[in-house]
Every structure is written in structure tokens, then in C-alpha cells.
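First to last, the sequence lines map onto chains W and E.
Residues in the first sequence are numbered consecutively from 11, following my numbering.
Residues in the second sequence are numbered consecutively from 18, following my numbering.
Just so you know, the hints here were simulated from the structure itself, not pulled from any lab data.
Since the structure is predicted, the reported quantities are computational estimates derived from the model, not experimental observations.
We treat Cβ as the ideally placed atom computed from N, Cα and C, and that holds for glycine.
There could be a bad hint or two in this list.
Stated by the list, open to error - With a Cα cut of at most 25 Å, we get these calculated DSS-like pairs of lysine-lysine:
id, chain 1, residue 1, chain 2, residue 2
1, W, K302, E, K140
2, E, K300, E, K223
3, E, K223, W, K161
To be verified - Restraint ranges, calculated between C-beta atoms of paired labels, are given here:
id, chain 1, residue 1, chain 2, residue 2, range
4, E, K206, W, A157, 58 to 66 Å
5, W, I304, E, D70, 44 to 52 Å
6, E, G195, W, R152, 29 to 37 Å
7, W, V226, E, P279, 26 to 34 Å
Unchecked claim - From the derived model, a few chain W residues whose C-beta atoms are all more than 10 Å from chain E:
id, residue
8, S23
9, G41
10, R54
11, M56
12, G134
13, L243
14, L257
15, A305
16, V312
17, L316
18, I317
19, V321
This is what each chain is made of:
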Amino acid sequence: MFRDVQDFVLNFSSILWEALPFIVLGAIIAGILEELLPQTLITRLMPKAALPAVMIGGALGLIFPMCECGIVVVMRRLLRKGLPLSCCVSYMLAGPIVNVIVLFSTYVALDPHYGWPAVALRAGMGYSIACVTGLVVHTLHRRTGTAALLKEASLPPPSPKSISLTVIDGPADEEVAPKKSWLKRLDNISATTLHDFMDITVFLTLGALLAAFAKVVVTPEDIQTLTREAPFLAIPAMMVLAVVLCLCSEADAFVAASFTEMSLSSKMAFLVLGPMLDLKLLLMYTRVFRWKLIATIVTCTVSLTLITSIVLHQVYDPLPFTAGGPPPVSSPTP
Amino acid sequence: MDHIGDDHGGHDHAGHGHGHGVSDYYLEQLLTVFVCGAMGLTAVLMYAFGRLDVILISALRPWVLAGGVALLVVTAIRAVSLWRSVSANAADTGAAGHVHGPDCDHDHGPEDHAHMPGGIYLKTIPLMVPLLLFVMGLPSSAGFSKENIDSRLGKAVDIGEVKDVAAKTGDVLALDFGELNMSAYDPGKRDAYEGRRVKVEGQLKKVSEKEYELFTMKMTCCAADTIPLMARIKSDIVVPQSQFPDHQWVSVEGLLQFVEIPAKKMYLPVIRIGGKSGLGLQKIAAK
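Next up, chain E with everything else stripped away, as it sits in the complex (with noise of 0.2 Å):
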């Protein structure tokens, strides 16, 4: 039987002769396989469960699931090992009250492997927060709290009175959001599209009567770097609230352009509606 602590360099007995039972290794390295494990599954069931769609765009989630699934491979291979290797050392000794030794000749973990008492429970605590936030049912689908998002999106920056521009013809422009912001910031685009009919979808938060906050709050990698992009809707026509709360999703279609916010060194999109070609914005799904 090989004397795996110190080959794989995690440990070296050469130096230091200390003493603790067996029993105590071993329930150590059952303890890291269960919390390990533990933590590949609630990864694999975290992607299964959609519990990820919240936090984490979508390029991301085939990560975590890849990343608990190694977690599983890796606990298993080890849980076989230690098994194989507790079977051996029953044979080996017939006792539970084995110290080690330098000449001893059984599995042994790697190096800091608790030479406090109880250091391994410590470790665990943490560790089944993650776990614990799963079994009862967190995070939940609803995301950031909608007085979270107010607090993130600010008081609406007064825009004053908005000239006219002149309409282009054409077909209307459906753009993401994304689009929508990345125009703002170049010249080239406002020029394009200011005087364009444009059909935009995002969340609405009331300023006025007849002004409105258009919003989407953007992930990149994780909901901790969520910021929150922003346009204004400009109506001629009083917006009924009672049918457009805050935070509707909303499909919104009118004429572009775009303001200028010299304290937030911005341009900000407006999209006006109203007049004769009704209210242009229809409540959509929640995305």
C-alpha cells in the first residue's frame, strides 16, 4: 500500500512528527467529499432549476454547470479512493486507533489539513450557505427589489422643453436597447437616427403625466455589475398610470431624438409619442 500523503506533495511527514488518530483523517476527507459534492450538485441543479437565469447572463450559466459537473467527477474519483483506501487500512492495522507515523503507510490529505481541532467544521459553515439559499428556494426569479432599481436609476434629470425635428420617412426602426444607448454616444447614429420612427421595448417609471423614464436594467457577466440604461419618453397625451405602472414592460413606438444633458455629459434618447398616431406604447411580457 502506497503512502499517498506524501507523494502527491500536499504533506510532508519528514519533517514533523504529530500525532492524531485515523478516525479523525478520515472524517475530515468525508466531510470534503460531502461539502464538495454537495457544491457540484446544487451547481448542476442550480442550471437544471433555472436558478441561474437571474444571476448570470446566459453565456455564463453552461460554465457553472460544466464546473459542477468537474466538481463531481473530482469528488467521486476521490470518495473511490478513499474507500479503497479505508478498506486497506482496515486490513492493514484491524484497528481504529491508529497515529500516524512516519512509516505508517495509508492515505493521507494534503497539507493544512487541519492541525487546529475542528477546523474542517469551520470550513463547512460557510460553505453550506450556498447550499441552504438553495434548499429554500433563493434566489428567486423576481430579481433586484423595485425600490433597489429606483435607488440604481436616480431622479430623472429635468430635460426642459424639447424642440421638434423634423420626421425622416421609412420604415420604423425596431432597436434593442442596447442600440438605443450605443446611438446616443455617436454622433454619426444620432444623425441617422433623430426624426426616425423607432419601436424600443424596456420598463417604464412615471416623471410626469405625459414623461416617462424608458429603462432595462443590463447585465454583463452577473447581477452584482447590473447597471441601468435609460431613455425618456416624451408624450403629447396624458399617459393613463392606472394602465402603465411603474416598471411595465412595455413596447414603446414614436419619433427619436436625441437631448443633450450637459451636467451628465450625455446625449439622451427621447422618444416622443402621442398625437395622431395614438399612444404608442403596448404593455408587453416581462423580459
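In isolation and in its complexed conformation, chain W is listed as follows (with noise of 0.2 Å):
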């Protein structure tokens, strides 16, 4: 009893203290963000239409680098700055996996053996799970609104202004907002950055806790040995491990590589899965939207990981077992 409390305890503190820095810094740019990003700023830049939307959304990640964790803070302004919510969904479900540390990690990984086929069907992968996501997400929106998919703290504020600066060019708002000292402004920030801090690491700790005391319970052995005895429940199997590992996305793909026995396919449902859901990040999308938003993004991501992945396992496996091996997992590049 006592040495299962101990290995929780590990286990808790490693998610929750990895992950902490990266919540400090998404909200102080959340902070930043919802202090100096004019209000109609987003809405003037990003297109109209939703398909060029979402897939903007998708690619950020490689100009704005975010961990999970950091993403569904400053996600959360974005949205409150006018940002379509199918493209901040895909924004957040993509940024994880298609970003430079992230695909570097993976190559470092998975070569030589899968390397850059790897790194592109993992960046692949995730960038379309989450447009299609993205683009499920618009859909529904347009459906039922606004406020039956957000919650109350991620809604844009009421603005009859902006209904008219649509129609005037320039930065109208900007010459409407009364001037603010940067006493003032500087204030703001913090108390929108503490604010944001406190209401997202309390789920991530909740999320944190529950991750830790289901790999009390499920291993990744456990995994290895149930797909040894039933090959056909490698995929689903290794995407139930992403949801419960709860790991970081720059280190997920150091994991996959130590599954010596698992095929690509399952390896790449486990990290393309990963960074999209799991326990924190199921507890922290409860911060931001309603269950119905958050049950359809669950679904589109586990059904289409699974369908990928079955695609891609009967389409492509480069390496059932060469005189090469399965890749190494020795290389430590966080």
C-alpha cells in the first residue's frame, strides 16, 4: 500500500510540476493577449470562410510552439478576442503535434528506422484529425451558437461597437478605448494572468491526480502483454495508454519507441491521440467548453485516430522486423 502511495505520489508530482511552468507562461500570454490584443484585431485578419480558417488554425503551432497544457489558456483568450471556435479548436488539438520541438523530438525517436515518414504521417495525421475536428466543430456551431458550446468565461464580451467598426477601416477600436496607463495595464495582465493560472492548474492538479492513479493501475507492460495475446486491440489499446500516460508531447514519442513490439500504426495512434486528449486535458477543456462541444471533440479525435490508424496499418507498416530493428529509445532531447 504504502509503496503504491509512493509511486503516486512520483507519478502525480512529475505531470503536475512538468507541466506547471508551461501554464505560467500561456497565461501570462493569455494575460497579455486579453490586455493588448484590440478586441477586432483577429476577426479584420482571419478569412471568412471556415475550410482556410481551420486550416490556418491547424498550422499556428508552427509559428506560436505550445505545449497542451499552455495551449488551453491562451486558447481560451483567443476565443474571447474573436477567434472562430472552429479554427481555436484546431488550433488547440494541432498545436501539440505540429510544431518544430515536437516533430524534432519525434524524429529523434523514431530514427533511423521510421524517421521522417514517421515525423510527416505523425504531423500528417494530427494536422487532418484536427481540421476535420475543426470543421465538425464549425458545423455544430453554426447549428446551435455560441453559448451552447462555451462556457460563460470563454465568450467574447457583448460589443455593439463592433458591429459598426466592421464596416470601417482600420483600427477602430483602438481609437474608441480610452487611453490606460501602463500602471494600469500592467495590473490587468496579472490579475487576468493569476486568474487564468488558478482556473486551469486546478484541473490540471484533478487531471493529474487521476492520471497518476491510473497508471497505478495500467502500465504500459499491461498494454504490451493484452496486444501480445490480441494483436487486433494494438490500436485501440495503445490509444486507451495516451488518454492515461497523460504525457508531454515533446517526450510521448520516446515512450511509442520503447513499444519494441507494437506496430507503426499503433505508435502513431498513441501519439497523434496523446496530444489531442487525455485525463488533465479532458478535466481542463471543461474550463473552457460545454460538454456537448467537448463530447464531439472527443469523439471526432478517438474515431479518427482509429480510423487512421487501421488506414495506415493495412495501407503502410515499413517495418514489421528488419535485420535493423525497431528504433532505439536512448536519445533524452526533452
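Build the complex from these two chains, which are given one at a time in their own frames, with help from the hints.
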């Protein structure tokens, strides 16, 4: 019993403290965005059509690399600033995969036998699933409206001025807004930062507690044993493991590479689903989205990951077992 | 005096006229400042007391320190601002029973500020968990329990009789476990290293009197992503387990070869020890 508690505390603490600096960073960025980003700027810049907006959202991680914990905080503020919901969802889902740091760590972990094809597959699957989910969310949004999908804290503030601003060229809202002192702005940034930090960290903590408990019950070795006995369960089992382990997307490729008996498709299922959906993220999503939207995101990401991984398994598995063997797991490059 | 709540976009008074005591608001804000400050301080102390050593790789520890310091700085800014706001508010109203209205003129928190009573207190409870663990001296430096590690290692795969390979000349190669593991997956390195005398450090787990697993638990970012890296030690003579119990850290020197394990789709590094050159095992301090 004591040793279980010891392992539980270790898992919980490691998940929480690893994520903490990125939550702080996300909260500070959120505070700055809230205070300094003009309310209508994003709306003016983003394309009106859903597809290009979603595709841009999915690629934003290349410009603004954020881990999955920090991205939730930033994304909530972007929603309040008028970034379309579908675009936010595609950024939130693809951002932790389609970014340079994560793709490089994937290459290092899976090199030399899978190497760049694995990187391309992870990026391609992650991006596609994020965009399709974004489009589904766009359709849902049009049918139900914003209030049915977002928590009050994520809704853009009602602004009668914004209606008239859309027909005026230039940064009209900046002109209308009263001038504030830098002390005032600093205080507002600090207020928003602390609020967002506390709000999200509560659910990060609960998610980390849940994940630490699940890790005591389910280990990667259990999954490997299960799939040895029932190979058809390899992909869903790795998806379950991704949700349970709550790994950072910069480290998960090394864990995936350690599953030497698993096919590339099951590793991809693990690497694509994990950054989009895990226990701590699920709880953090509850601070931004209503359950209807969370259910849509979960359904889309899980089903699309399953389908694409099965298709991948059928059409492409470069390494059943060659003389080179599966990839190494020894390069610790976070 | 400014109306802070309307400025920072976190909360908009215009659409609704709610009323709650200003004392509740300040209590919430003070609690937020206290909890965030405590989290920041705990992060700094976790770093200072080396509590992060067992849960994070060295590259990530300064990030936690920086996160803690940043949180403390933001908290200090907010605390000063609140203090100024309280002073100004007291001078303005002279009463604690003030009720918000669209024309009130004092600091106001962001949106979502506990329109349900007690929300802030409920939020505080989970955030006390890491602080409480720190006060209790957790996580301890012991790392994962031996039982957890044993379950991660699993049952040792039977590698059967290992054929002898011709010894190569040259100095003893000092390999770290990562390089040893990497070489098992690289045909070129396998050819280069097989037959060389190598020196590797790791932990022991008994398979039989003459056979031990050599392993290390590799952390990529945090303890939650720890995975076992494994090799095998085959000895020509009995290894006294009283001297080399399970999980003992050792330095191993012997002849390296690689054995194919088809069931695991991998090659396993095997270090042959014993014989004329002595046991080839030496205890070392835990790493």
C-alpha cells in the first residue's frame, strides 16, 4: 500500500510540475493577449470561410509552438478575442503536434528506422484530424450557436461597437478605447494571469491525480502483454494508454519507441491521440467548453485516430521486423 | 479611480446587474493571491531543495524555477495593486457593505469570478495538494518503489544458450546505457561493438545464479515517462547474490555481444563476464 502511494505521488508530482511552467507561460500570454490585443483585430485578419480558417488554425503551432497544457489557456483568451471556435479547436488539437520541437523530438526518438516518414505521418495525421474536427465543430457551431458550446468565461464580451466597426477601415476599436496607463495595464495583465493560472491549474491538478491513479492500475507493460495476446487490440489499447499516461507531446515519442513489439500504426495512434486528448486535458477542457462540444471533440478525435491508424496499418507498415530492428529509445532530447 | 473590471476585458458589467459584497470580492482576490503566491514559492523551494531531481530531467528543472519566480512576480504586482485598490476604495466609500453597480468605480476581478458562492474555496482545495505534499517532504528522493520497477521490467525473456563470439582487440569501451541500447538497434554498431570489451553502469536483477538483467530507468522529461532500458549479463561463474542483491548499482566489464530475440522483435545486448579476467562486477553508488 505504502509503495503504491509512493509511486502515485511520484507520478502525480512529475505530471504537475512538468506542466506548471508552461501553464504559467500560457497564463501570462493570455493576460497580455487580453489586455493588449485589440478586440476586433483577429476577426479582421482571419478569413471568413471556414476551411481556410480551420487550416490556418491547424498550422498556427508552427508559428506559436505551445504544449497541450499551455495552449488551453491561450486558446480561451483567443476565443474571447474573436478567433473563430473552429479555428481555435484546430489550433488546440494540432498545435501540440504540428510544431518544430515536437516533430524534431519525434524524429530523434524514432530515427533511424522510421525517421522522417514517421514524422510526416504524425504531423499529417494530427493536422488532418484537427482540421476535420474543426470543420465538424464549425457545423455544430452554426446549428447551436456559441452559448451552447462555450462556458461563459470563454465567450467574447458583448460589444455593440463591433457591429459598426466591421464597416470601418483601420483600427477603429483602438481609437475608441480610452487610453490607459501602463500601471493600469500591468495590473490588468496580472489579474487575468492569476485568474487563468488558478482556473486551469485546478483542473490540471485533478487530471494529474486521476492520471497518477490510472498509471498505478494500468502500466505500459500491461498494454504490451494484452496486445501480444490479442494483436487486433494494439491500436485501441495504445489509444487508451495515451489518454491514461498524460505525457507531454515532446516526450511521448520516446515512450512510443520503447514499445518494440508494436506496429508503426499503433505507435501513431498513441502519438496522435495523446496530445489531443488525455485525462488532464479532458478536465482542463471543462473550463472552456460545454459538455456538448467536449463530446464532439472526443468523438471526432477518437474515431478519426482509430480510422486513420487502421488505414495506415493496412497500407503502410515499413518495419514488421527487419535486421535493423525497431527504433532505439535512448536519446533523451526533450 | 479607474474601473478596472471593465478595462481588462475579463468582465463586463454592462450586460448584467449582479450584486455581491465588495468584501467577498476582496476575499476572493486575496485567496487567489495567496494560492498563486504559495504555488510560486513551492515551485522555487522544490527547485532549491532538490525535490525536482527525482521527477524531472535536469534540463526542465530551471523551467520550474523560472515559472515559480514569474508567478511570484505577477502575484506581487497583483497584491500591490489590490492593496492600492483597497485603500482607494476605503477612502471612496468608507464602508464595507458596498454593492456593485454599473457606475461603481473600483477594482474588479476577471470574468467567471465565482458567480456561484464558494467557487473559489472549492478551487483552492486541489491546489493545496502539491503544497501539502511539499510540506510532507514528498516526493521522496527514493524514486519509484522496487516493486514498481520490477513490474516495469517484467519477466526476463529466455535467451537460451549464447554462442561464443571472437574477442576483438582494443581498449575497454566505456559505454553509457543509452549508447548500449542504441547499438542494439543499429546493424553497423552491432558489428562494430560485438566482441569488444565494454564497461557499462546499471542496476542488477537476478535471473539465475549465473545470469542477471542489467537495467536502467530512463527518463525523457519526467518520471511519468520513465521506461526501462535492458541488457543481460551472462557469467561463467556463480554471482554471489549476497554481494549483489537486486537493484544494486554496478559497473560491469565484459565481452559484448548481441542476441536476437524474435518474439520481442529486437536484439538484446549481452555482456559476458567471469572466467579468467575475474567476475567483472563492481558495486557503485546509486545514480
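Structure-based check of each hint:
This hinted pair checks out: K302 of chain W and K140 of chain E have alpha carbons roughly 23 Å apart, not beyond 25 Å. With a C-alpha separation of about 15 Å, the suggested pair K300 of chain E and K223 of chain E falls inside the 25 Å cut-off, and the hint holds. For the proposed pair K223 of chain E and K161 of chain W, the alpha carbon gap of about 56 Å is over 25 Å, so the pair is violated. At about 60 Å, the beta-carbon gap between K206 of chain E and A157 of chain W stays in the expected band of 58 to 66 Å.
For I304 of chain W and D70 of chain E, the Cβ-Cβ distance of about 37 Å falls outside the hinted range of 44 to 52 Å, so the restraint is violated. Taken as a hint, the range 29 to 37 Å is violated for the pair G195 of chain E and R152 of chain W, whose Cβ atoms sit roughly 52 Å apart. A beta carbon spacing of about 32 Å between V226 of chain W and P279 of chain E agrees with the range 26 to 34 Å that was offered as a hint. Residue-level check failed: S23 of chain W sits 5 Å from the nearest beta carbon of chain E, not beyond 10 Å.
Taking the minimum C-beta to C-beta distance to chain E, about 8 Å, the non-interface status of G41 of chain W is violated against the 10 Å cut. Against chain E, the non-interface label of R54 of chain W holds: every CB pair exceeds 10 Å, the least being about 17 Å. Residue placement check: M56 of chain W keeps its beta carbon more than 10 Å from all beta carbons of chain E (closest about 19 Å). For G134 of chain W, the condition that its CB be more than 10 Å from all CB atoms of chain E holds, with the nearest at approximately 24 Å.
Once the 10 Å rule is applied to beta carbons, L243 of chain W is consistent with being away from chain E; the minimum gap is 18 Å. The Cβ of L257 of chain W sits about 5 Å from the closest Cβ of chain E, inside the 10 Å cut-off, so the non-interface label is violated. Look at A305 of chain W: its CB is around 22 Å from the nearest CB on chain E, clear of 10 Å, so calling it non-interface holds up. Non-interface status of V312 of chain W relative to chain E is upheld: no Cβ of that chain comes within 10 Å, the nearest being about 22 Å off.
The claim that L316 of chain W lies off the interface holds: its Cβ sits roughly 24 Å from the closest Cβ of chain E, which is beyond the 10 Å cut-off. Non-interface status of I317 of chain W relative to chain E is upheld: no Cβ of that chain comes within 10 Å, the nearest being about 26 Å off. Every CB of chain E lies more than 10 Å from the CB of V321 of chain W, the least distance being 23 Å, so the non-interface label holds.
Of the numbered hints stated above, those contradicted by the structure are hints 3, 5, 6, 8, 9, 14, listed in ascending order.
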